[in-house]
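*Asks:* Please put together the full structure from these sequences, using the hints given.
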Amino acid sequence: GAVVSQHPSRVICKSGTSVKIECRSLDFQATTMFWYRQFPKKSLMLMATSNEGSKATYEQGVEKDKFLINHASLTLSTLTVTSAHPEDSSFYICSARGRESYEQYFGPGTRLTVT
Amino acid sequence: GQNIDQPTEMTATEGAIVQINCTYQTSGFNGLFWYQQHAGEAPTFLSYNVLDGLEEKGRFSSFLSRSKGYSYLLLKELQMKDSASYLCAVRDPSSGSARQLTFGSGTQLTVLP
Chain B
1221 GAVVSQHPSR VICKSGTSVK IECRSLDFQA TTMFWYRQFP KKSLMLMATS
1271 NEGSKATYEQ GVEKDKFLIN HASLTLSTLT VTSAHPEDSS FYICSARGRE
1321 SYEQYFGPGT RLTVT
Chain H
2 GQNIDQPTEM TATEGAIVQI NCTYQTSGFN GLFWYQQHAG EAPTFLSYNV
52 LDGLEEKGRF SSFLSRSKGY SYLLLKELQM KDSASYLCAV RDPSSGSARQ
102 LTFGSGTQLT VLP
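Chains B and H, in that order, give the protein sequences. Heads up, our numbering is the position in the first sequence plus 1220, with the first residue counted as 1. Heads up, our numbering is the position in the second sequence plus 1, with the first residue counted as 1.
Worth flagging that the hints you see were computed from the coordinates, not collected in a lab. C-beta: ideal position from N, C-alpha, C; glycine also. Hints are not guaranteed to be accurate.
[Unchecked claim] Selected chain B positions facing chain H (in silico; Cβ < 7 Å):
1. SER1263
2. LEU1264
3. THR1269
4. ILE1313
5. GLU1323
6. PHE1326
7. GLY1327
8. PRO1328
9. GLY1329
[Claimed, not checked] Think about it this way: if two alpha-carbon atoms lie no more than 20 Å apart in a straight line, the pair counts; the simulated EDC-like pairs of lysine to aspartate or glutamate are:
10. B/LYS1262 x H/ASP83
11. B/LYS1240 x B/ASP1308
12. B/LYS1240 x B/ASP1285
13. H/LYS77 x H/GLU56
14. B/LYS1286 x B/ASP1308
15. H/LYS82 x H/ASP53
16. H/LYS58 x B/GLU1323
17. B/LYS1240 x B/GLU1307
18. B/LYS1234 x B/ASP1285
19. B/LYS1261 x H/ASP83
20. B/LYS1284 x B/GLU1272
21. B/LYS1286 x B/GLU1242
22. B/LYS1275 x B/GLU1307
23. H/LYS69 x H/ASP6
24. B/LYS1262 x H/GLU42
25. B/LYS1261 x H/ASP6
26. B/LYS1261 x H/GLU42
27. B/LYS1262 x H/ASP6
28. H/LYS82 x H/ASP6
29. B/LYS1284 x B/GLU1307
30. B/LYS1286 x B/GLU1307
31. B/LYS1284 x B/GLU1242
32. B/LYS1261 x H/GLU10
33. B/LYS1234 x B/GLU1279
34. H/LYS58 x H/GLU78
35. B/LYS1261 x B/GLU1307
36. B/LYS1262 x H/GLU78
*Replies:* Okay, here's the thing in structure tokens:
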């Protein structure tokens, strides 16, 4: 199957700082990428959908100025958590999908801890 | 609106068969997915149903009834490594992006020796 990578896998940062998470599709062109957030023992909550070359579409309740998403190319999307707070601590997962595929391929996730 | 329901927890014995149900109410429907997720890891794809009926893939099978808004995931010959969360997800084209999935809350399956 297709491979999606995320970097970093774990990050600890201090309150007020910004953190960037990268999501890459390694062997296919991802026309659409999704960013999810998952709290312990909870399901995935979609944060935003991004299409290459256009602005991301954010879900209701997700602050676009706090969670900056850039889908700069067909293989890379980034999520930047700005001015992080402890409540932003979570597991962030990206997924990617190619133009003709019905399947979403998930990255391994990034564990963010804000102290 | 969208509503996807599945049991929160299930327990089964190694070697047994377990069925995880999922019911959904969505404005539109363009496929139902099952994913397996181990703690601290990303979900991995198990199955995809878009037409009514049973899809079999090794020890795992998935069934769909669109008229009833119902699906189940059947796991046979359970192994300890099958202990994980199983997520039901529906693609609803009326919700926005045609490629967007809405996930159920997940069913935590524990396999006992």
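*Asks:* To test your reading of the hints: which numbers does this structure violate?
*Replies:* 15, 22, 28, 33 and 36
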